[in-house]
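Given these sequences and hints, build the entire structure.
Number of protein chains: 2
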Amino acid sequence: MKTAVLSVGTELLFGQITNTNTVFLSKELNNMGLDVMYHYTVGDNPGRLADMIRMALEDVDMILVTGGLGPTQDDLTKEVACQVFGDELVVNEKALGKIKEYFLRTGRNMTENNAKQALIPSRATVFHNDAGTAPGFALEKDGKYIICMPGPPREMTRMFEISVKPFLEKLSDGYMSYKLLRLYGIGESLLETRLIDLIDNQTDPTLATYAKEGECQLRIASKRSSREEADKAVQDMIDIVSERVGEYIYSCDNEELVDVVGRMLLEKGLTFASAESCTGGLVAAALTDIPGISQSFMAGFVTYSNEAKMRELGVSEETLREHGAVSEETAREMVEGLARVTGCDVCISVTGIAGPGGGTEEKPVGLVYIGFKYGDKCFVTKKLSTGASRKWIRNHTLLGVLDIVRRNI
Amino acid sequence: MKTAVLSVGTELLFGQITNTNTVFLSKELNNMGLDVMYHYTVGDNPGRLADMIRMALEDVDMILVTGGLGPTQDDLTKEVACQVFGDELVVNEKALGKIKEYFLRTGRNMTENNAKQALIPSRATVFHNDAGTAPGFALEKDGKYIICMPGPPREMTRMFEISVKPFLEKLSDGYMSYKLLRLYGIGESLLETRLIDLIDNQTDPTLATYAKEGECQLRIASKRSSREEADKAVQDMIDIVSERVGEYIYSCDNEELVDVVGRMLLEKGLTFASAESCTGGLVAAALTDIPGISQSFMAGFVTYSNEAKMRELGVSEETLREHGAVSEETAREMVEGLARVTGCDVCISVTGIAGPGGGTEEKPVGLVYIGFKYGDKCFVTKKLSTGASRKWIRNHTLLGVLDIVRRNI
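Here the protein sequences come in this chain order: A and B.
Numbering-wise (this note's numbering), the first sequence opens with residue 128 and increments by one.
Numbering-wise (this note's numbering), the second sequence opens with residue 128 and increments by one.
Calculated from the structure, these hints are not laboratory results.
We put the CB at the ideal spot given by N, CA and C, even for glycine.
Worth double-checking, as some hints may not be accurate.
[Unchecked claim] The calculated lysine-lysine pairs, modelled on DSS-like cross-linking and capped at a C-alpha distance of 25 Å, are:
#	chain 1	residue 1	chain 2	residue 2
1	A	LYS129	A	LYS243
2	A	LYS490	A	LYS510
3	A	LYS510	B	LYS225
4	B	LYS339	A	LYS518
5	B	LYS297	A	LYS518
6	B	LYS297	A	LYS339
7	A	LYS518	B	LYS243
8	B	LYS518	A	LYS339
9	A	LYS504	B	LYS225
10	A	LYS339	B	LYS504
11	A	LYS509	B	LYS339
12	B	LYS154	B	LYS243
13	A	LYS518	B	LYS292
14	B	LYS297	A	LYS509
15	B	LYS225	B	LYS292
16	A	LYS395	A	LYS359
17	A	LYS490	B	LYS227
18	A	LYS490	B	LYS225
19	A	LYS518	B	LYS154
20	A	LYS154	B	LYS292
21	B	LYS154	A	LYS339
22	A	LYS510	B	LYS292
[Claimed, not checked] Pulled from the structure, derived: some chain A residues nowhere near chain B, Cβ distances all over 12 Å:
#	residue
23	LEU139
24	LYS436
25	LYS518
[Claimed, not checked] Pairwise CB distance ranges, derived in the manner of DEER restraints:
#	chain 1	residue 1	chain 2	residue 2	range
26	A	LYS339	B	ARG181	49 to 59 Å
27	A	ILE289	B	SER316	26 to 36 Å
28	A	ASP257	B	ALA335	30 to 40 Å
29	A	GLU228	B	ILE367	45 to 55 Å
30	A	ARG175	B	GLY301	51 to 61 Å
This is the structure:
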């Protein structure tokens with residue numbers, strides 16, 4: 128079944144708020160095996176809304192609308208739905224009761240325009256709103272459906288889970304299964320080249336590659352008559368892909384690299400410490416964003432100045448003078464000093480030139496040394512990302528550090 | 128001028144990624160006085176993309192497209208643009224040179240499909256891509272415009288700022304001047320109340336308030352025949368607003384709070400150090416994102432464990448035992464120890480409960496103590512944000528720390 132998601136609200140067109148409703152609904156619909164063909168956003172304008180719904184329905188079987196069900200004058204989604212689907216608004220006693228009940232419960236006065244929310248198209252299947260006052264509904268005509276839900280994400284998601292999802296499951300054909308693989312250390316072009324035969328000959332499962340800042344994603348999806356078949360088809364393709372690019376895959380479940388590394392550290396019961404110069408605490412900040420990481424993350428140092436490198440980590444003045452703060456030697460002394468001071472199982476150090484200033488012919492902006500120590504294993508990796516911004520270099524270095532930890536613990 | 132924003136990418140229809148490009152472009156276009164009428168999203172399907180562009184152009188003068196310019200087979204935006212605007216793709220030597228240069232610079236091999244990115248519609252105005260390989264372009268026909276930009280936000284925003292914005296400014300009628308004021312420590316509703324008479328009676332300049340995580344924005348815009356008039360009208364309104372809520376305004380130029388604080392530290396020639404527990408390096412990471420900050424930022428400590436607090440900052444075991452790691456006493460000993468160890472002019476400490484676990488009746492999740500020391504001035508501020516997520520608490524604490532520095536140096 129082909130669907131489209133339509134968001135109503137001028138605030139979206141102003142860029143004041145991010146459209147999370149569309150992301151939520153798209154995920155849910157795809158996971159149910161319903162194809163999402165389009166996203167639309169239109170302001171609080173009945174004429175344009177009507178045109179957009181008509182236009183969408185030429186191409187899809189169902190349109191899911193969020194917003195414009197509220198009590199105010201510019202909330203006109205219901206009127207438009209009636210206009211397009213040939214119906215009229217009538218007072219829905221049950222909805223009216225729920226609304227009165229809601230105001231009683233929340234101890235607020237029910238204003239005149241709130242009663243307007245109990246008006247529902249006469250032929251509609253009503254979806255009650257447990258988190259607010261505006262009910263939603265589904266309306267059908269000639270095998271085409273419109274499903275209207277309130278705009279506030281809390282109300283919409285709740286209504287979807289409780290009422291809309293079951294309604295859709297009755298209509299859905301087949302089952303869609305998909306996995307999103309995350310890869311680091313391989314570019315999108317190279318990834319596609321490695322998988323080109325699979326991509327060219329794809330029918331089901333389907334494969335799609337996406338570039339994400341500093342990393343790559345590969346989506347593998349299958350639509351079959353049963354959940355089991357779909358899941359198996361996806362898993363079989365994951366196995367084939369893993370044989371070709373497995374070393375780069377850090378997650379088959381769309382996890383962030385930092386979450387994967389954090390989980391590995393916690394599962395293995397390893398303590399962790401970081402000593403950062405050019406990343407200035409990014410590694411520590413990223414890892415400590417994980418709930419419960421205090422079991423593993425013990426201490427972090429942002430040794431930005433040479434003094435701090437010497438004072439906190441015992442980097443020798445001679446090393447800094449002879450090789451400079453950005454050098455393999457300094458990275459090594461940093462990570463060794465960090466292990467000495469903290470006694471943590473896994474230690475990493477980062478020193479580099481994030482720019483835009485500070486680069487030289489011999490040591491350009493983007494040059495980064497990453498030190499790693501875990502037991503007897505201790506090494507320094509050199510990375511160079513040229514022509515990149517300070518932010519990019521720092522974030523890319525963060526991923527580089529995390530990937531080194533992932534590959535070596 | 129009426130515009131529409133069109134996003135190309137099946138991953139958006141899958142709900143895999145949030146459409147931040149559309150939010151960014153909508154804000155920018157509105158700020159320039161261009162009306163955004165519609166948002167559209169379509170998958171990597173040339174037929175549907177062409178239909179959607181044609182349909183949009185019946186109603187708007189300009190459509191801004193992001194995505195589908197990459198090197199892979201499903202990147203077809205350029206072909207479609209040519210089809211709709213009656214043009215053909217030709218090799219753009221300058222673009223090809225830039226792409227070759229990019230691969231040379233990054234030391235990666237240029238694959239065949241990368242050369243495809245140098246194909247540009249023959250009549251197009253080319254926008255070069257400083258952050259990636261795919262160039263963007265503008266194409267005009269019968270007074271209607273299409274502007275195509277790459278999908279990755281980093282590349283798109285950079286291209287918009289450097290090339291597209293100036294291109295649009297030439298087309299815009301009259302001159303739009305606007306300032307985005309940033310405020311911290313006042314809620315949107317209170318801000319609106321303080322300015323309600325100005326907002327109700329607005330014609331030109333216009334005022335609009337926006338809530339942003341933990342802070343507020345106030346947009347003041349004026350459209351006049353000359354740049355000077357518009358600029359003056361905006362500045363006069365800023366003066367009026369400043370008289371009412373000046374203490375909360377940290378920027379009149381849409382700067383981030385961290386950039387304002389970083390500049391203040393550098394201008395005053397003050398050295399800075401941080402000791403963080405619950406924020407885990409967020410403060411250090413945010414400040415060290417600023418180019419040249421190494422003149423001020425000397426050292427940061429992420430003392431996550433009690434051992435680290437004692438070892439690195441000399442917090443007494445007794446204090447930790449009697450008052451706990453999250454206490455005014457610990458925050459004070461952290462910041463005093465930090466000043467002792469680093470000898471920096473300005474020192475801050477943070478200790479709190481970011482959750483979701485670790486909260487108690489007496490010390491709930493969201494409780495945070497911020498220590499500040501600058502010369503003789505040394506104090507601890509208690510903050511409590513209830514019912515918030517770990518991420519929100521950490522980010523909100525970061526803003527709180529920065530605002531304390533801003534107000535006290």
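Checked hints:
For the given pair, LYS129 (chain A) sits about 32 Å from LYS243 (chain A) by alpha-carbon distance, which is inconsistent with the 25 Å threshold. For a cut-off of 25 Å, the pair hint linking LYS490 (chain A) to LYS510 (chain A) stands: about 12 Å separates their Cα positions. Pair hint LYS510 (chain A) plus LYS225 (chain B) holds up; C-alpha atoms about 23 Å apart against a cutoff of 25 Å. Taken as a hint, the LYS339 (chain B) and LYS518 (chain A) pair is honoured in the structure, with Cα atoms around 22 Å apart against an allowance of 25 Å.
A C-alpha spacing of about 30 Å is found between LYS297 (chain B) and LYS518 (chain A), which places the hinted pair above 25 Å, so the restraint is violated. With a C-alpha separation of about 33 Å, the suggested pair LYS297 (chain B) and LYS339 (chain A) falls outside the 25 Å cut-off, and the hint is violated. Simply put, LYS518 (chain A) and LYS243 (chain B) have alpha-carbon atoms about 28 Å apart, too far for the 25 Å limit, and the pair is violated. Taking the CA atoms of LYS518 (chain B) and LYS339 (chain A), the gap is near 22 Å; set against the 25 Å cutoff, the hint holds.
At most 25 Å may separate the alpha-carbon atoms for a hinted pair to count; LYS504 (chain A) and LYS225 (chain B) exceed this at roughly 41 Å. The straight-line distance between the Cα atoms of LYS339 (chain A) and LYS504 (chain B) is roughly 46 Å, outside the 25 Å bound, and the hint therefore fails. Proximity of LYS509 (chain A) to LYS339 (chain B) is assessed by CA-CA distance (about 39 Å); at most 25 Å being required, the pair is judged violated. Under the criterion of a C-alpha separation no larger than 25 Å, the hint pairing LYS154 (chain B) with LYS243 (chain B) is inconsistent with the structure, at around 32 Å.
This hinted pair checks out: LYS518 (chain A) and LYS292 (chain B) have alpha carbons roughly 22 Å apart, not beyond 25 Å. Proximity of LYS297 (chain B) to LYS509 (chain A) is assessed by CA-CA distance (about 46 Å); at most 25 Å being required, the pair is judged violated. This hinted pair checks out: LYS225 (chain B) and LYS292 (chain B) have alpha carbons roughly 21 Å apart, not beyond 25 Å. A threshold of 25 Å between alpha carbons decides the hint, and for LYS395 (chain A) with LYS359 (chain A) the separation of about 30 Å lies outside it, so the pair is violated.
Restraint check for LYS490 (chain A) and LYS227 (chain B): satisfied, since their Cα atoms lie roughly 23 Å apart, inside the 25 Å limit. The hinted pair formed by LYS490 (chain A) and LYS225 (chain B) meets the criterion: a straight-line CA distance of about 23 Å does not exceed 25 Å. Proximity of LYS518 (chain A) to LYS154 (chain B) is assessed by CA-CA distance (about 22 Å); at most 25 Å being required, the pair is judged to hold. For the proposed pair LYS154 (chain A) and LYS292 (chain B), the alpha carbon gap of about 33 Å is over 25 Å, so the pair is violated.
At most 25 Å may separate the alpha-carbon atoms for a hinted pair to count; LYS154 (chain B) and LYS339 (chain A) meet this at roughly 23 Å. The hinted pair formed by LYS510 (chain A) and LYS292 (chain B) fails the criterion: a straight-line CA distance of about 34 Å is larger than 25 Å. Its beta-carbon lying about 7 Å from the closest one in chain B, LEU139 (chain A) breaks the requirement of being farther than 12 Å from that chain. Some Cβ of chain B comes within 12 Å of the Cβ of LYS436 (chain A); the nearest lies about 9 Å off, and the non-interface call is violated.
Once the 12 Å rule is applied to beta carbons, LYS518 (chain A) is inconsistent with being away from chain B; the minimum gap is 7 Å. About 31 Å separates the C-beta atoms of LYS339 (chain A) and ARG181 (chain B), a value inconsistent with the hinted range of 49 to 59 Å. A hinted range of 26 to 36 Å for the beta carbons of ILE289 (chain A) and SER316 (chain B) is consistent with their spacing of about 31 Å. For ASP257 (chain A) and ALA335 (chain B), the hinted distance range of 30 to 40 Å is satisfied, since their beta carbons lie about 33 Å from each other.
A C-beta distance of roughly 46 Å is found between GLU228 (chain A) and ILE367 (chain B), which places it inside the suggested range of 45 to 55 Å. Checking the proposed 51 to 61 Å range against ARG175 (chain A) and GLY301 (chain B) shows it is violated: the Cβ atoms sit about 25 Å from each other.
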